[in-house]
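Visitor: Which chain is which? The protein sequence lines are A and B, in order.
The opening position of the first sequence corresponds to residue 1 in my numbering, with each subsequent residue numbered one higher.
The opening position of the second sequence corresponds to residue 1 in my numbering, with each subsequent residue numbered one higher.
Everything labelled a hint here was simulated from the structure, so no lab data went into it.
From the three backbone atoms N, C-alpha and C, an ideal C-beta is built for every residue, glycine too.
Just so you know, not all the hints are guaranteed correct.
Unchecked claim - Listed next, the in silico BS3-like pairs over lysine-lysine satisfying Cα-Cα at most 30 Å (straight line):
{"hint": "1", "chain 1": "A", "residue 1": "183", "chain 2": "A", "residue 2": "166"}
{"hint": "2", "chain 1": "B", "residue 1": "323", "chain 2": "B", "residue 2": "462"}
{"hint": "3", "chain 1": "A", "residue 1": "65", "chain 2": "B", "residue 2": "553"}
{"hint": "4", "chain 1": "B", "residue 1": "106", "chain 2": "A", "residue 2": "122"}
{"hint": "5", "chain 1": "A", "residue 1": "224", "chain 2": "A", "residue 2": "270"}
To be verified - Chain A is nowhere near these chain B residues, computed Cβ spacing over 10 Å in every case:
{"hint": "6", "residue": "235"}
{"hint": "7", "residue": "396"}
{"hint": "8", "residue": "492"}
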Amino acid sequence: MKVSPFKKYLLYVLLGSSTIFATSCDSDNDENTPKGAYEHGVFITNEGTFTSPDAEISFLSRDTKTLTPDVFQQVNNRPLGNAAQSTTFIGDRAYIAVNASEKIEVVNASTFASVGVINGLKIPRYMAALSNNKAYVTEYVGYDFFGYTGTGRVSVLDLTTNTVTKTINVGLLPEGLLIYNGKLYVANSSENTISVINTATEVVESTITVGESPKHLVLDANNKIWVLRGGYSSPGALVKIDPANNNALTSYDFAAGTSGAGFLTINGAKNTLYYSYGGKVYAMSTTATSAPGTALINRSPYGLGVDPETNILYLGIGGFTSNGWAVRYQPSGTVIDSFQVRIAPNGFTFR
Amino acid sequence: MVAPRGLAFSCISFVGVSSALKAEGMFRCLFLFAWVLVSTEFLAPPESYAQLQDTVQLAPVTVSGHRYTKYAAGARVQTVDSLLLQRRPGITLADVLQQRSPLYLKSYGNGMTATVAFRGTSSSHTAVLWNGFNIALPTLGLSDFALLPPPINTQVSLQHGPSGALHGSGAVGGAVLLENPVSFAPQQQVQGQQEIGSFGQRRTAAAGSFSNGRLALTSSFTRTSADNDFRFENTTAFGSPRETQQNAAFDQTSLAQEVHYQLSPAQRLSVRGWYVKTHRQIQPSMGSANTHAQQDDENLRLMGEWQGQLAGGTTTVRAAYFKDRLDYQDDGSLSLSTVNTYQTQVEHERTLLPNLLLQVGAEGQLFKANVGGYGGKVDEQRFSTYGWLRYDPLPKLQLSLNVRQAWVQGFNPPLTPTLGANVRILEQNGNTLTAKANVSRSYRVPTLNDRYWRPGGNQALKPESSWGYEGGLEHQYKKGQFSGTSELTVYAVQVKDWIQWQPSSTGNYSEPVNLQHVRGHGAEMDSRWQIALERDWSFAGGLAYAYTISQQKLPDARAQLQERQLFYVPKHKAALWAEARYRTWWLTGDATFTGRRFTDNDNNNWLPGYALVNASLGKTFRWNSFETQILAQVQNLSNTVYQTMAYRAMPPRNFRLAVSLTWAKPQNTSAHP
Chain A
1 MKVSPFKKYL
11 LYVLLGSSTI
21 FATSCDSDND
31 ENTPKGAYEH
41 GVFITNEGTF
51 TSPDAEISFL
61 SRDTKTLTPD
71 VFQQVNNRPL
81 GNAAQSTTFI
91 GDRAYIAVNA
101 SEKIEVVNAS
111 TFASVGVING
121 LKIPRYMAAL
131 SNNKAYVTEY
141 VGYDFFGYTG
151 TGRVSVLDLT
161 TNTVTKTINV
171 GLLPEGLLIY
181 NGKLYVANSS
191 ENTISVINTA
201 TEVVESTITV
211 GESPKHLVLD
221 ANNKIWVLRG
231 GYSSPGALVK
241 IDPANNNALT
251 SYDFAAGTSG
261 AGFLTINGAK
271 NTLYYSYGGK
281 VYAMSTTATS
291 APGTALINRS
301 PYGLGVDPET
311 NILYLGIGGF
321 TSNGWAVRYQ
331 PSGTVIDSFQ
341 VRIAPNGFTF
351 R
Chain B
1 MVAPRGLAFS
11 CISFVGVSSA
21 LKAEGMFRCL
31 FLFAWVLVST
41 EFLAPPESYA
51 QLQDTVQLAP
61 VTVSGHRYTK
71 YAAGARVQTV
81 DSLLLQRRPG
91 ITLADVLQQR
101 SPLYLKSYGN
111 GMTATVAFRG
121 TSSSHTAVLW
131 NGFNIALPTL
141 GLSDFALLPP
151 PINTQVSLQH
161 GPSGALHGSG
171 AVGGAVLLEN
181 PVSFAPQQQV
191 QGQQEIGSFG
201 QRRTAAAGSF
211 SNGRLALTSS
221 FTRTSADNDF
231 RFENTTAFGS
241 PRETQQNAAF
251 DQTSLAQEVH
261 YQLSPAQRLS
271 VRGWYVKTHR
281 QIQPSMGSAN
291 THAQQDDENL
301 RLMGEWQGQL
311 AGGTTTVRAA
321 YFKDRLDYQD
331 DGSLSLSTVN
341 TYQTQVEHER
351 TLLPNLLLQV
361 GAEGQLFKAN
371 VGGYGGKVDE
381 QRFSTYGWLR
391 YDPLPKLQLS
401 LNVRQAWVQG
411 FNPPLTPTLG
421 ANVRILEQNG
431 NTLTAKANVS
441 RSYRVPTLND
451 RYWRPGGNQA
461 LKPESSWGYE
471 GGLEHQYKKG
481 QFSGTSELTV
491 YAVQVKDWIQ
501 WQPSSTGNYS
511 EPVNLQHVRG
521 HGAEMDSRWQ
531 IALERDWSFA
541 GGLAYAYTIS
551 QQKLPDARAQ
561 LQERQLFYVP
571 KHKAALWAEA
581 RYRTWWLTGD
591 ATFTGRRFTD
601 NDNNNWLPGY
611 ALVNASLGKT
621 FRWNSFETQI
631 LAQVQNLSNT
641 VYQTMAYRAM
651 PPRNFRLAVS
661 LTWAKPQNTS
671 AHP
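Start from the sequences, fold in the hints, and give me the full structure.
Guide: Here it is in C-alpha cells:
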C-alpha cells in the first residue's frame, strides 16, 4: 500500500467562506509550537474502509487553518488500524481506540508519533481517564444482534505500562462512559441500563434503569449527568441523572414515532446539549423543561462534536468507500464551511 | 457507531473469507462417468476455439457450442482453456480465470473469497450460470469463485459485456458460464489424482465416466485443503516484521454426478447434482485482530432437464433446486443464513426458415431465505420471458436479436434487448476475418440483503441497469498444423442506479441507495496459437489483455467533481501462457501482469502493479489401458510480494506435485501419437 507522494503537497481547501490551506506536515513544518505540529487543534477520527486497516486521524489547526487529512500515516509511516472508534487525550498522550484491530494506539499528543499500544482488548470503543495513569475503556466483546451471548465489559488500563489490569463485566454493547465523583457511569447500549462502577473498588455497585438503548453521557455545569438513549422499537429520550440525589432520573422524551439515537455532546460552558437523533441534530439547554420539537440541523451526522473553545459544531458526513467531509456550523445551526477528510469520520476531539 | 458497522459487516463480510478442517486426502476412487454428446447445431458457431490435444484425453471428446453461442452474434464469448481443468481436477475457477483471462480477480487470500468483474464493473455485476441456471448467492448477489471447484467435464466460457437478454439478472458487466455438455459417445474411463504442496496444500481428486450410447454417467470428487501458514511481511506493524499467516486454513469437498439417458432418438433426460462443502478460517487483513473468524458454506445444486424434438422444434424443460448455507462466526458474532432456491425454465427452439432460428422461453425463480438479519423468513418470486432470434440473411452475415422482460415481486426491471451482428469480411489462404458489433442492455435485481435487511433494506430500490456498446475484429487462421484465433474488441459501458450501502439519512444505520453512475470504456485483446511440428513437438500459447477505464464523478478537496477510476479496477491486466510438448513431456508457463489498482474511490491510495509467474513440468507414462501423469508446479516463481485486496497477504513462491492415474477402455480411434 502506497500513499500518493504528491498528496502532501495538495491543497485542502474549505468549501465555504473561509479557506484553509494545507501544508506539508513533515517535521520541518515551521510552526511556533515547541512541542509538536499537532499540539492544539481539532482531531477527526476516520473509521476507514470496512475490514481494512486504513483508519486515519485528520487534523485541523485552528491557528493556521491547515488541514492534514492523514496524520497517523504521515508521522508513523504505517496505517493506524481497522476501524478507529475514538480519540481521547490524557495528559500529553492521545489514545486511539481501534475496534477491529482490538487495540488502543498510544501516540505523543503533540507530535502524534507512536509511543506504544495497548493490546488484549475486544472491540474497544470509548475511553475515560481517572488520572494520567489510570483510565477505563468500554468494550463490546461481541455483537448480541449477531448471536453473541456473553456480556460487554470495561477494562481498567494502567497508562504507565499500557496494560489491562482488570476487566469488569457490564451490560451488552457498552458505549459511552463518564467519571464523576469517583464513580464510572457506563451506558449499556443494547440494554436499558447504566452500570455504575466504584473506581476505588472497581466493582459494579449499582445499575440504573434509564430506558431503551442508552448510548452517550455528558456532565453539565450543574454536575448533572445527561444520557442520550433510543433504539428502534420506541422513541428515545434525554435522561438526566442527579448523582447528588441518589441518581434520581428526569426524562425528556422525544416525539412519538421517532427513533435512532446518535451522539451527545455539550458546549464549552456546559449548559447546552447537542445531540443527533433520527438523522437530525438538536440543541437543548440544560435548563429546558422539555426536549426540542424542531431540529437545529436537518442532516444525519456520522460523527458529531462541538468545539469547547469556539462552540462551533462539527458534523462528520460521508459514505464507506470514498472520502468523507467535516462540515462546520455556527451554534445557531448556520453552515460555515466544510472540508474533505478520510473515510467515515465518526468523531471529533478538541485540544 | 455500532449499527452501520454491524450492517456493513453483515452485508460485506460474508463475502469475507474463511476455513480450516484439514483432512489428509483419502484416495477415494469414485466412479464418474462422463458423457459428451455431439449436439447438432443449426448454424455454425461463430466462435471456434483451439484446444491442444491432451495426453490424458484418451477418448475423443467433441464439444459443441453451448446453447447461447448461436444467439450471441457480435458479442464476445470466450471459452477458457479446458486443458487446465482436465489436468488439475478440482482447481478453482479463481485460479483458471487468473491465469487464462484478462479479468481482475479480487482475492482475500489463498483459498479465501475470490470474485471477478468484467469491464470495470463489480463482482455483483457478474452473472454465473451453471447449465443455464444463475447460481449467485441470492443474499449477496455474487459468486465466490473459491467455492466453485468445477467438476471434471466442465466447460467455462466468459461473456464479456452486458447480456441481460441471454443471461438474465446480474449480467451487467458480463457472465461466467459453466456447462457440462452431454455426450453419448461410448467410453469408459476412471481417473484419480493426488496433489501435495507447500503450506499444507493437499488435493485429492477422482473422476469417472461411462457411456454405452444410451446411458451416460459422469462422477467427480475432489477434496482440497491447505493450512496457509506462509510467511509474509506485515507492513502495518512497526518495523514491518515478518510474520506467519494466522487463521487462513481451509478445507473443501465437492462431489458432482451426472446421469443422462436417451429415452428415444428424439428425447433425452438429464440429471445433474453438484455439492460443495467448504470450511474456511477467514484470513484477517494485516493490522486487524485475529478474531478467529470462520465461515462454513454448503452449496447443493440439483437440476433435471428433459429435451425432446416436438412439433418441428426442440423443447427443453428444466427444473432446479439449490440450497445455499452460509454460516459465519467469530469471537463476537454468529450469523446463520440459508436460502432455498427453486427454478424452472421452459424453452422452445425452432427453425422458421433455413436461415432463421427462434428460441422462446420463460423462467421462474422462488427464493426462500432464512437469514438472521431479515427478522424472519422471506420469500421472493421472479419471472422472466425471453425471445432470441438468429438470422443469417447472407452466408457472410449473421444477426441476432434477443430480448428479455423480467418481473420481480414488487417492481419491474427494464426491458433488456440485444442486437448484434457478425460480418465475414475476408476469407482467403486460411485467413478468416470477421467484424463484430453489439449493443446490449442489462439489469440487476437488488439482492435479498438490499431489499430485506433490517434496518436499512429497501424494497423500493430500483434495479441497476447497464448499456453496452462494442465492436471488434476477429481473425482466424488455419493452415496445416498451424492455427490461431485473435480478437480485438473496443467497448463502452455505463451502469446506472448502481446500488451502494452508505450511512442512513434517517438514523444510525446503513442503507442501500441507487447512488452511483459509472461510465467506462476500454479495449480487450485475445490471441491464441498452436502448431505441431512433425510427430514429436507441439507448441501452444496465448495472450489476453484488457485496458479498462471505469469512472464515477466524485468531489475532490475543493468540492470540484472529478472523474475517478473505481477502486480495484486495474487499467491494465495481461495474461500470457505457453506450452511446449515433446513426446510425453510437456512444459507450461503462464505470466500475468496486473497494473496499479486504487484501493479507495478517491484514488488516494493504491496497490502497485505486479507480475506473477507460474510454471509446470509434466511427464506421461503409458502402458496398456493405463496412463500415469506426474506434474510438478511452481507457483509465484519470482516470489513476488503482492496483494489483490489491500492488506490481504498472498503466498510467496510455493510448490506442488501431483500424480494421476487414468484407466480408459481402449477406443477404436487413434487419438494419440
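Visitor: Give a verdict on every hint.
Guide: Verification of the hints:
no., hint, in the structure
1, A/183 x A/166, "16 Å, holds"
2, B/323 x B/462, "27 Å, holds"
3, A/65 x B/553, "28 Å, holds"
4, B/106 x A/122, "29 Å, holds"
5, A/224 x A/270, "10 Å, holds"
6, 235, "7 Å, violated"
7, 396, "48 Å, holds"
8, 492, "24 Å, holds"
When each numbered hint is compared with the structure, a violation occurs for hint 6 only.
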